[in-house]
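For the protein sequence lines, the chains are A and B, in the order given.
The numbering of the first sequence is our numbering, which starts it at 1 and goes up by one.
The numbering of the second sequence is our numbering, which starts it at 1 and goes up by one.
For the record, the hints were derived by calculation from the structure and aren't laboratory data.
Any given hint might turn out to be false.
What the hints assert, rightly or not - Straight line, CA to CA, 30 Å or less: simulated BS3-like cross-link-like pairs of lysine-lysine:
| id | chain 1 | residue 1 | chain 2 | residue 2 |
| --- | --- | --- | --- | --- |
| 1 | A | K13 | B | K68 |
| 2 | B | K68 | B | K47 |
| 3 | A | K63 | B | K44 |
| 4 | A | K19 | A | K63 |
| 5 | B | K47 | A | K63 |
| 6 | A | K13 | A | K63 |
| 7 | A | K19 | B | K47 |
| 8 | B | K44 | A | K19 |
| 9 | A | K59 | A | K23 |
| 10 | A | K12 | B | K44 |
| 11 | A | K23 | B | K68 |
| 12 | A | K59 | B | K44 |
| 13 | A | K63 | A | K12 |
| 14 | A | K23 | B | K47 |
| 15 | A | K19 | A | K59 |
| 16 | A | K13 | B | K44 |
Claimed, not checked - A few chain A residues facing chain B, derived, Cβ under 7 Å:
| id | residue |
| --- | --- |
| 17 | G44 |
| 18 | L45 |
| 19 | W47 |
| 20 | K59 |
| 21 | Y95 |
| 22 | T100 |
| 23 | G105 |
| 24 | T106 |
| 25 | G107 |
| 26 | D109 |
| 27 | W111 |
| 28 | L113 |
| 29 | G114 |
What the hints assert, rightly or not - To give a feel for the contact side, a few chain A residues facing chain B, derived at Cβ under 10 Å:
| id | residue |
| --- | --- |
| 30 | V37 |
| 31 | V103 |
| 32 | Y110 |
| 33 | G112 |
Ideal Cβ positions, reconstructed from N, Cα and C, are used throughout, including at glycine.
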Amino acid sequence: QDLLVQSGNEVKKPGASVKVSCKTSGYTFSNHDINWVRQAPGQGLEWMGWISIYSQSTKYAQKLQGRVTMTTDTSTSTAYMELRSLRSDDTAIYYCARETRAVAGTGLDYWGLGTLVTVSS
Amino acid sequence: QSALTQPASVSGSPGQSIAISCTGTSGDIHDSDHVSWYQQHPDKAPKLLIFDVTIRPSGVSNRFSGSKSGDTASLTISGLQAEDEGYYYCSSYTGSEIYVFGPGTNVTVL
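Sequences are here, hints too, so could you generate the full structure?
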C-alpha cells in the first residue's frame, strides 16, 4: 500500500531549481506532518525539514535555509519540496516521509520510494 | 556532520543478540523522549523500527527493542537473522523542533 508516491527522477544543471512532489493517499492528510529527508550516494540520512499540513508552518535544516521551500496542496493531498541554486553536492535521493502521529517528533512511519536528483553540468 | 554517534559496524551470528548504541548530547538524546530507529536495506527506503525510545510500530518484529540511559540510546536485535543485515540509523527530535540522524551502523550477520 503506497501511501506516499513521489515524482520521477530529475537531472538538473548547477544553479537550477528542482521541485519534488509527494502525493499521499489512504489517510487524513492534515493529521500528519510531512518531513523531507535526503541521502547522498553512499552516505547516511540527512533531515531537510518538515511542514505541518494543519498549520502550514515549516521548519528547515539550518544548512538549507534560504534555498529550500516546503509547501502543500490540500486539494490533492500533495506535498512539495523545492530546492534552489542546486550544487553538485545536492545530488541525492530525496524522500518524503510521514510523521507517525499528530504530535511532532514521533518518528517517520511511511516513506516514499525516493526521487533521485542528479546535479551535473 | 551528525551530532549523534553510532558505531560504524556491528556483527553477530544467527540467533545471537546485538546492540547498537547512539550517543548524543544534553541537547538531543539526554533531554528527548523522541528517539527513533530505522532500518535500511540497499536501494530501499528506510523503515521505522522504534519511536519514542521504546515503542514498536504495528507490524515490526518484537525482536527489535529500544532503550535509553542518559546520553545514549540503544537498539537491541534479538535472535539475529540473515534478513537483519543492513544499515541502522538512530534519530532524535530535539527541543529546537528538528530531527537529527546518526551516521548509521552497518549490521552484518556472520
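Comparing the hints with the structure gives:
no.: 1; hint: K13(A) x K68(B); in the structure: violated (44 Å)
no.: 2; hint: K68(B) x K47(B); in the structure: holds (20 Å)
no.: 3; hint: K63(A) x K44(B); in the structure: holds (26 Å)
no.: 4; hint: K19(A) x K63(A); in the structure: holds (18 Å)
no.: 5; hint: K47(B) x K63(A); in the structure: holds (25 Å)
no.: 6; hint: K13(A) x K63(A); in the structure: holds (20 Å)
no.: 7; hint: K19(A) x K47(B); in the structure: holds (24 Å)
no.: 8; hint: K44(B) x K19(A); in the structure: holds (22 Å)
no.: 9; hint: K59(A) x K23(A); in the structure: holds (20 Å)
no.: 10; hint: K12(A) x K44(B); in the structure: holds (23 Å)
no.: 11; hint: K23(A) x K68(B); in the structure: violated (35 Å)
no.: 12; hint: K59(A) x K44(B); in the structure: holds (26 Å)
no.: 13; hint: K63(A) x K12(A); in the structure: holds (20 Å)
no.: 14; hint: K23(A) x K47(B); in the structure: holds (19 Å)
no.: 15; hint: K19(A) x K59(A); in the structure: holds (18 Å)
no.: 16; hint: K13(A) x K44(B); in the structure: holds (26 Å)
no.: 17; hint: G44; in the structure: holds (4 Å)
no.: 18; hint: L45; in the structure: holds (4 Å)
no.: 19; hint: W47; in the structure: holds (4 Å)
no.: 20; hint: K59; in the structure: holds (5 Å)
no.: 21; hint: Y95; in the structure: holds (6 Å)
no.: 22; hint: T100; in the structure: holds (6 Å)
no.: 23; hint: G105; in the structure: holds (3 Å)
no.: 24; hint: T106; in the structure: holds (5 Å)
no.: 25; hint: G107; in the structure: holds (3 Å)
no.: 26; hint: D109; in the structure: holds (5 Å)
no.: 27; hint: W111; in the structure: holds (4 Å)
no.: 28; hint: L113; in the structure: holds (6 Å)
no.: 29; hint: G114; in the structure: holds (6 Å)
no.: 30; hint: V37; in the structure: holds (8 Å)
no.: 31; hint: V103; in the structure: holds (9 Å)
no.: 32; hint: Y110; in the structure: holds (8 Å)
no.: 33; hint: G112; in the structure: holds (7 Å)
This entry does not satisfy hints 1, 11, going by the numbered hints stated previously.
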